[in-house]
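Asks: Letter by letter, the chains look like this.
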Amino acid sequence: MLFQRTIGPAIAFLQRDARHFQVLFLASFLLYGTMALGWDAEWPRYAILIGTVLSVQTLFIRWKRVPWSSLKSALVTGLGMSLLLKAGSPWTLALGAAVAISSKFLVRWDGKHIFNPGNLGIAAAVLLTGDAWVSPGQWGSGAMLVFLVGAAGGMVVLRVGRIDTSLAFLGTFALLEMVRTVLYLGWGMDVWLHRLTNGSLLLFTFFMITDPMTTPRSQAARIGWSVGVALLAFVLSWKFWINATPIWALLIFCALNPVLDHFRKGAVFQWTSSTPRTTTPLRTN
Amino acid sequence: MDVLHAAHHHSFTNELNPMTMRYLFLFLAALLAQRSSAFCGFYVARADATLFNDRSEVILVRDGQRTIVTMSNDFQGAVKDFAMVVPVPVVLRQQDIRIVDRRVFSMLDAYSSPRLVEYHDDNPCYPQVVYESLAENDDMRMPTANASRMKAEAKDLGVTIEAQYAVGEYDILILSATESTGLKQWLIQNGYRIPESAHEVLDPYIRSNLKFFVVKVDVSRLQLTGSNLLRPIQIRYDSHKFMLPIRLGMANSKGSQDMVVYAFTRTGRVECVNYRTVKVPTDRNIPLFVKQKFGPFYKDLFARAHRREGRNVVFLEYAWNVTPSFGGMKCDPCVGPPPMPREFAEAGVDWGGPNSGGGQVFFTRLHVRYGREKFPQDLVFQVTPNAEHFQARYVLTNPASGDLSCASGQDYLEELYYRRHRELDELQALTGWDITKRQGYLKEVGDRLPPERRNGLPEWTLPLDPGDGGNAGPGSPDVQWTFALGSLLIVLLLLFRLRNAVAHR
Numbered sequence: 000m001l002f003q004r005t006i007g008p009a010i011a012f013l014q015r016d017a018r019h020f021q022v023l024f025l026a027s028f029l030l031y032g033t034m035a036l037g038w039d040a041e042w043p044r045y046a047i048l049i050g051t052v053l054s055v056q057t058l059f060i061r062w063k064r065v066p067w068s069s070l071k072s073a074l075v076t077g078l079g080m081s082l083l084l085k086a087g088s089p090w091t092l093a094l095g096a097a098v099a100i101s102s103k104f105l106v107r108w109d110g111k112h113i114f115n116p117g118n119l120g121i122a123a124a125v126l127l128t129g130d131a132w133v134s135p136g137q138w139g140s141g142a143m144l145v146f147l148v149g150a151a152g153g154m155v156v157l158r159v160g161r162i163d164t165s166l167a168f169l170g171t172f173a174l175l176e177m178v179r180t181v182l183y184l185g186w187g188m189d190v191w192l193h194r195l196t197n198g199s200l201l202l203f204t205f206f207m208i209t210d211p212m213t214t215p216r217s218q219a220a221r222i223g224w225s226v227g228v229a230l231l232a233f234v235l236s237w238k239f240w241i242n243a244t245p246i247w248a249l250l251i252f253c254a255l256n257p258v259l260d261h262f263r264k265g266a267v268f269q270w271t272s273s274t275p276r277t278t279t280p281l282r283t284n
Numbered sequence: 000m001d002v003l004h005a006a007h008h009h010s011f012t013n014e015l016n017p018m019t020m021r022y023l024f025l026f027l028a029a030l031l032a033q034r035s036s037a038f039c040g041f042y043v044a045r046a047d048a049t050l051f052n053d054r055s056e057v058i059l060v061r062d063g064q065r066t067i068v069t070m071s072n073d074f075q076g077a078v079k080d081f082a083m084v085v086p087v088p089v090v091l092r093q094q095d096i097r098i099v100d101r102r103v104f105s106m107l108d109a110y111s112s113p114r115l116v117e118y119h120d121d122n123p124c125y126p127q128v129v130y131e132s133l134a135e136n137d138d139m140r141m142p143t144a145n146a147s148r149m150k151a152e153a154k155d156l157g158v159t160i161e162a163q164y165a166v167g168e169y170d171i172l173i174l175s176a177t178e179s180t181g182l183k184q185w186l187i188q189n190g191y192r193i194p195e196s197a198h199e200v201l202d203p204y205i206r207s208n209l210k211f212f213v214v215k216v217d218v219s220r221l222q223l224t225g226s227n228l229l230r231p232i233q234i235r236y237d238s239h240k241f242m243l244p245i246r247l248g249m250a251n252s253k254g255s256q257d258m259v260v261y262a263f264t265r266t267g268r269v270e271c272v273n274y275r276t277v278k279v280p281t282d283r284n285i286p287l288f289v290k291q292k293f294g295p296f297y298k299d300l301f302a303r304a305h306r307r308e309g310r311n312v313v314f315l316e317y318a319w320n321v322t323p324s325f326g327g328m329k330c331d332p333c334v335g336p337p338p339m340p341r342e343f344a345e346a347g348v349d350w351g352g353p354n355s356g357g358g359q360v361f362f363t364r365l366h367v368r369y370g371r372e373k374f375p376q377d378l379v380f381q382v383t384p385n386a387e388h389f390q391a392r393y394v395l396t397n398p399a400s401g402d403l404s405c406a407s408g409q410d411y412l413e414e415l416y417y418r419r420h421r422e423l424d425e426l427q428a429l430t431g432w433d434i435t436k437r438q439g440y441l442k443e444v445g446d447r448l449p450p451e452r453r454n455g456l457p458e459w460t461l462p463l464d465p466g467d468g469g470n471a472g473p474g475s476p477d478v479q480w481t482f483a484l485g486s487l488l489i490v491l492l493l494l495f496r497l498r499n500a501v502a503h504r
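Here the protein sequences come in this chain order: A and B.
In terms of numbering that gives the first Met the number 0, the first sequence has 188 at position 189, counting the first letter as 1, and numbering is strictly consecutive.
In terms of numbering that gives the first Met the number 0, the second sequence has 15 at position 16, counting the first letter as 1, and numbering is strictly consecutive.
With the rest of the complex left out, here is chain B:
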């Protein structure tokens, strides 16, 4: 709406001198900024990463050949049991490893997570606007405790300890190995719980000349930090390889697990090179009662989208230019305060601040649910110049309040009835929820209409517009099979004809 206003004014700016134009532009920009909060809906709730049980969070910064990886170490269990083995391309130096504030994760999560926004209809009988907003942020963090001590023993197992550091509460070793049996044995002897099947992954990593970044917690040093929560570890290295090794983690669990990647680049979106990167469904109008259960809503939406795409894709949840000096709108609406130079520095974005050149910062949030069967390869990424913005956004529209007995008010109610019908359809298509119990949502609107109008309305039986929102959406087996069979038919037909042609010649 605001954009229309601005465009309208633009037509006569040609005749104005540059100075006036500049002021006019600033004025319009201010107007735009002011009104956008009113017109473009309010943020009500978000579906943050804590919703997903078996999940990990990673910050991935890529700048030329440099990669900075921050691992959240959101460990659910006794701290003394915490142990981590991460394949890395090079032997890290001590200055390449640091501990960062864990708040940077919750901040990036809050800022980029899928959002629920809320609009209000005007009363067509008495045009007036009433706004309200409601925030339901519950921050859940699993407390962890306890401690243990790691004893490093160098054995004649073909394992070389390339380096050994104590960083914060962590004892860190960089290992290289010549073969997986020795490495596995060494890790088990030193208290790392390595699954039986790990060797099928360790061997390829050893052969790929990867080193192993091995981490344990020193509980006495953790106590010095005044908290029993593990802090994220950040590592940086220069390498051609821009990837996340997920196969080692898969050896641990049979089912699927979730990973949320917060990626930062100078130019644009990060996308996966060896799996499809797909947008989650966005900008959908959903019923008002979802407000109380937005978390479960998004969880089910994600699960359904994951299944529909064939369980082998990476989802895009957010993509935005978040350069601190970037003039444009940062989000619509914002779910949390935008990241500031201090947070960027903490995340490893060392070019974001005004003192460090102040380049562009592009933020991509990827969400992948992976399992052994559908993800045979580690995730490989690339930085693209694609700076197109994207956010996962779901919209509630509150009905007009007050007396709606005037003629246009009655028309509005009828329209509202159909709209709610579509919202229910959408909800079912997105989440698969059983909405037959939600007839009251329609009925409460129908009851406000006089009987003669009410009787003409369709009951909720089957979706009005099936497929919208995607039962048979992108990548669904149905579509693929139809397409494949159609092509097969054409090919067979053509082959048949070709044969005839050859035979006749």
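In isolation and in its complexed conformation, chain A is listed as follows:
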């Protein structure tokens, strides 16, 4: 009875749009981090990020006349940035969030935006201000994280049909790490596992690189593209000792998207398949 009246409709609501899952999971990760992992509970920081993405999205909704449901995408971007981006000043965060959302409307090619908004927002805040940073160690490493992020991410990714992206990225990265860490350097398997079960890497794998709007349209191109991101992230981390390399690799590969889409056509992604397609050429969420 209770199930039918409350949980049933709740699940039906979640299933209507993959972004509902994303919001639910990202928000629970945020709660988990602040409550269980002892992060500084910086609610003002989250409020600024989420507030800014929603306001900027609203501005563009009015200007470009896109559906109001695109606010969900902005919320996903805001939550994702809250999990990753840290800064000393609120202005830095606002800048990152504003860049993230505006890029969706201003940096476009062939009917879709080029950059992963959260990714670009983080990169902009870090590169432009010198006041922002990403803490790759904030999740720690562990089998528990694989299960949590993997299960939750799997739900979303399966629904939006981007499991190929996640698997190609993580598989390539794991393989390269295996070759380098275990086979070449001679560290034990535990070192390899510790590197791979890093929470930030998993979060990236299931919640950032999989954004259906900024991955190539055809599956073949998508797999090649994910392998490329993994390869670049790997090289950057081992050759140059840069931290949080997947973020930088993704930024560079997003810029290649128009080229890939030019050669390998595919269907434009729609978040809600049940609703009829809008005839406006400008779907921007």
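It is worth saying that the hints were derived from the structure and are not from the lab.
Check the hints yourself; a few may be wrong.
The calculated DSSO-like cross-link candidates involving lysine-lysine, where the alpha carbons are at most 30 Å apart (straight line), are [claimed, not checked]: (1) B:373 to B:240; (2) B:240 to A:238; (3) B:373 to A:238.
Just so we're clear, the structure is a prediction, and the values are computed from it rather than from any experiment.
Given the structure of chain A, go ahead and fit chain B onto it with the hints provided.
Replies: Leaving out everything else, chain B in the frame of chain A:
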């Protein structure tokens, strides 16, 4: 409290001209400085790094691509047995190696160590303030003695002696090797005690193109220094790699060991990239009797926090902008004199002094207890722009003294009773100490109340507010498991529904 005063005055400063404002500000600042010592508690004791037995101390300075590492060489044993092998990213030149005064370690330790502070309540019947402060600093240093001589032999073991220096009391070699067996054999032949399992670490280091900074003591030269204590060695190099190799040291010991890292940067905190960096519990009110045993208190607190977080985190104990010219408060309260340009220079911070550009200096103290099982990777760090201050601080509050028989005095005593109750709970939560024997701490307050008020007070049986202070604190297995099981439930439910939906379609 002082901040409130300042904020209050601020509202009318808008109407004043800049000059007056400046004076007013200076005046307020002076007031603030004067009163802060009175209001913000006195430093009573500190829990310095010497408390922890199997420990090492490292000063880590990072400026762009340059890293300056100072190792304390706090060796507990015969000096002649001292030998150290440190993987380094490049072949060091002689000018990259120097000896520093070991006092810099005790100074940085004293300045940044967790602190116990003490407040005094006012007597609500006769408002007056009485302050006292008490310092219990016992400095223990293990004396070490004796000597030996190192003989370097180059063998056909795939080991190359890249460089050889005599610096102070130390004989230093920089080795590179092609494979671990030869290196291990060479080290053993030359009197370095290398554990059997060392090769599993040496191989990866060799493959990572690391060099080996190998140190022994020349006892005759040590005697020239007029002391039998080894002095810290400082090395500097330019490399992308900002890390501390801990795996080699782990090969030596089965259990866990402690390391305290004093890190300095231009911008902000240093944090670990491949393990979580977590703050130690701070700003907790604890019972007065902890004053006599603050050392054991912090030791147990640290051990408990370490367990609670899953034994695989790096703890932050202190983070502060310590720029000599920095106007703000340096600590609250200060445990030792702040580092001066001379100490900064000794620590390797070559930009701190007024003659060297006078940039910002940010001080981070990290404390890590590591063991083989939970720390498979070497520690990798990053410099962040995070300039937020942090200190590990524990607070004692002395009760009001004098006659408390007036009505508000009786209310105060009742409040005091509850406060002490919470202090005991906090103590138990932080350290796990058995506090059932500490009922006297409550009773002495209860006894001062008339029987009718006394009878209404709760006895100490179970904590009033369990969890506060963290039995089930951050990262505890309980929380993690609850969360994981909850998510599993949701996921299963969703999968089930999805399947149904597909089946019905």
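Asks: Flag every earlier hint the structure violates by its number, smallest first.
Replies: Hints that this structure does not satisfy do not exist here, as all of them hold.
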